[in-house]
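2 protein chains.
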Amino acid sequence: MTSTVTVVEHIMSANDRLAAQNRAELETSRVLGVNVLASPGAGKTSVILRTIEVLQESLQLGVIEGDTAAVTIDTDKIMSAGMPAVQINTGGQCHLDAVMMGNALPQMPLADIDLLIVENVGNLICPASFTLGTHFNIVIASVPEGDDKPYKYPNIYRSIDALILNKTDLLPYIDFNTEYFRRGIEILNPDVHFFPMSCKTGEGVPEWADWLRERVAIFQKNA
Amino acid sequence: MTSTVTVVEHIMSANDRLAAQNRAELETSRVLGVNVLASPGAGKTSVILRTIEVLQESLQLGVIEGDTAAVTIDTDKIMSAGMPAVQINTGGQCHLDAVMMGNALPQMPLADIDLLIVENVGNLICPASFTLGTHFNIVIASVPEGDDKPYKYPNIYRSIDALILNKTDLLPYIDFNTEYFRRGIEILNPDVHFFPMSCKTGEGVPEWADWLRERVAIFQKNA
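One line per chain: the protein sequences are F and W, in this order. The opening residue of the first sequence carries number 52 in the working numbering; numbering runs sequentially from there. The opening residue of the second sequence carries number 52 in the working numbering; numbering runs sequentially from there.
Among the clues, some could well be false.
Since the list gives no way to pick out one identical chain from another, each pair is judged satisfied if it fits inside one copy or across any two copies.
[Claimed, not checked] Here are the simulated DMTMM-like cross-link-like pairs (lysine to aspartate or glutamate), alpha carbons at most 25 Å apart as the crow flies:
{"no.": "1", "residue 1": "Lys251", "residue 2": "Asp212"}
{"no.": "2", "residue 1": "Lys128", "residue 2": "Asp165"}
{"no.": "3", "residue 1": "Lys251", "residue 2": "Asp163"}
{"no.": "4", "residue 1": "Lys128", "residue 2": "Asp226"}
{"no.": "5", "residue 1": "Lys128", "residue 2": "Glu230"}
{"no.": "6", "residue 1": "Lys251", "residue 2": "Asp199"}
{"no.": "7", "residue 1": "Lys203", "residue 2": "Asp127"}
{"no.": "8", "residue 1": "Lys128", "residue 2": "Glu254"}
{"no.": "9", "residue 1": "Lys251", "residue 2": "Asp261"}
{"no.": "10", "residue 1": "Lys128", "residue 2": "Asp199"}
{"no.": "11", "residue 1": "Lys203", "residue 2": "Glu230"}
{"no.": "12", "residue 1": "Lys272", "residue 2": "Asp226"}
{"no.": "13", "residue 1": "Lys203", "residue 2": "Asp163"}
{"no.": "14", "residue 1": "Lys203", "residue 2": "Glu237"}
{"no.": "15", "residue 1": "Lys272", "residue 2": "Asp220"}
Derived from the structure by calculation, the hints contain no laboratory data.
Please build the complete structure, drawing on both the sequences and the hints.
Now the structure itself:
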């Protein structure tokens with residue numbers, strides 16, 4: 052009687068392989084990469100601009116902007132804030148992937164950057180399925196989207212490290228149950244870091260920026 | 052010298068062929084179909100519930116609910132309003148397609164229905180590429196998503212017949228330039244019918260319901 056040992060190898064998809072190359076490229080330059088996911092209009096660019104305001108004193112930032120159309124509204128805002136920015140126009144496609152990310156990286160002055168923020172296409176579904184090579188995934192939810200979103204779009208919440216709940220300044224005008232929202236997240240992802248925020252008032256921005264600064268420090272110490 | 056006449060035939064995609072079958076099935080039963088598209092949290096279900104309130108006196112309605120996950124939050128709301136409702140769980144997929152629609156139709160009492168509303172998956176990109184066989188496409192935008200969405204997500208606005216701008220009750224609290232928003236739409240789709248609305252206050256609901264009631268009347272007269 053012979054006994055057979057089957058070695059099950061994790062076969063990486065083509066996208067994951069390219070994402071691993073992107074990750075290696077970031078690490079060679081000691082750049083921490085953050086992938087920012089959200090619905091259209093949740094406030095991705097506003098959060099990034101607020102983050103730049105707080106962190107630019109202590110860190111060098113760069114931004115990759117994912118857009119489905121050839122408009123430069125968001126990229127212009129980032130560049131006006133004095134940051135190196137590269138726009139990826141997906142040509143109507145619904146998500147960024149590791150190929151697009153790999154094409155954008157050489158246009159970034161990685162050697163001069165500590166933190167690379169990637170603003171994904173506004174979409175709560177498709178971007179969750181494509182790794183880019185970044186180190187952290189962040190979702191920006193927003194109060195007017197409603198407290199039931201984690202229950203309705205669970206996949207994207209499962210793989211994230213931090214969650215920003217933006218537009219808390221609108222809480223007085225909207226029927227939003229923060230406990231119900233948080234419970235939905237906790238079922239899917241109990242370890243996620245949660246940051247209520249208002250880009251309008253600035254509430255919550257320092258706590259988020261502190262968390263991000265600490266992530267960069269730990270990363271660069273170990274890199 | 053011979054002259055060659057090339058007949059260019061429009062080759063329908065598999066999805067379009069199935070959509071045409073769905074359309075034929077709706078027309079056999081004299082049912083007008085409306086495909087409702089929007090970002091997550093723009094208020095699709097709220098608009099549908101408001102529409103039911105106003106139209107149920109004069110029309111028989113049915114609703115197909117598209118969801119990416121196996122939650123019945125929206126379907127329960129529709130059924131609580133006394134409407135026949137069928138849920139399509141896309142299993143994580145980012146849009147409805149004509150196959151899913153074709154599978155849902157036999158579960159609907161079409162002979163008893165005048166107006167079938169299809170709530171697509173919350174996504175401003177992918178659903179624009181898949182016809183279902185419905186007669187009209189509607190987008191529900193919302194004030195907190197921002198006035199730049201037509202510029203950033205142009206494809207979905209090109210193929211629609213009516214546009215609802217929901218959550219106008221939040222206009223006093225949000226920096227939203229309605230003229231800039233409308234200009235973005237007009238560039239893409241000058242003939243679109245525009246309905247500012249607040250599901251919270253009811254503003255704009257009668258105008259939208261009148262338009263829809265008229266579409267059903269015209270359709271049934273010609274069917």
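We went through each hint and held it up to the structure:
In this assembly of identical chains, Lys251 and Asp212 lie within 25 Å of each other by CA distance solely inside one copy; the values are 24 Å within and 34 Å between copies. For the homomeric pair Lys128 and Asp165, the shortest alpha-carbon distance inside one copy (20 Å) is at most 25 Å, but the shortest distance between copies (48 Å) is not. Taking the shortest Cα distances, Lys251 and Asp163 never come within 25 Å of each other, neither inside one copy (30 Å) nor across copies (49 Å). For a Cα distance limit of 25 Å, the shortest separation of Lys128 from Asp226 across copies, 16 Å, qualifies, whereas the shortest one inside one copy, 31 Å, does not.
For a Cα distance limit of 25 Å, the shortest separation of Lys128 from Glu230 across copies, 21 Å, qualifies, whereas the shortest one inside one copy, 34 Å, does not. Taking the closest pair of Cα atoms, Lys251 and Asp199 come within 25 Å of each other both inside a single copy (23 Å) and across two copies (17 Å). For the homomeric pair Lys203 and Asp127, the shortest alpha-carbon distance between copies (13 Å) is at most 25 Å, but the shortest distance inside one copy (33 Å) is not. For the identical chains of this complex, Lys128 and Glu254 are intra-copy neighbours only, at 21 Å inside a copy versus 34 Å across copies, given an alpha-carbon limit of 25 Å.
Taking the closest pair of Cα atoms, Lys251 and Asp261 come within 25 Å of each other only inside a single copy of the chain (19 Å); across copies the shortest separation is 37 Å, beyond that limit. In the homo-oligomer, the alpha carbons of Lys128 and Asp199 lie at most 25 Å apart only across protomers (13 Å), although the nearest pairing inside one protomer, at 31 Å, exceeds that limit. In this assembly of identical chains, Lys203 and Glu230 lie within 25 Å of each other by CA distance solely inside one copy; the values are 16 Å within and 32 Å between copies. Proximity of Lys272 and Asp226 under a CA criterion of 25 Å is satisfied in neither setting, with 44 Å inside one chain copy and 42 Å between copies.
Proximity of Lys203 to Asp163 under the C-alpha cut-off of 25 Å is found in neither arrangement, the shortest distances being 40 Å within a copy and 30 Å between copies. In this assembly of identical chains, Lys203 and Glu237 lie within 25 Å of each other by CA distance solely inside one copy; the values are 14 Å within and 32 Å between copies. For the identical chains of this complex, Lys272 and Asp220 are neighbours neither inside a copy (37 Å) nor across copies (49 Å), given an alpha-carbon limit of 25 Å.
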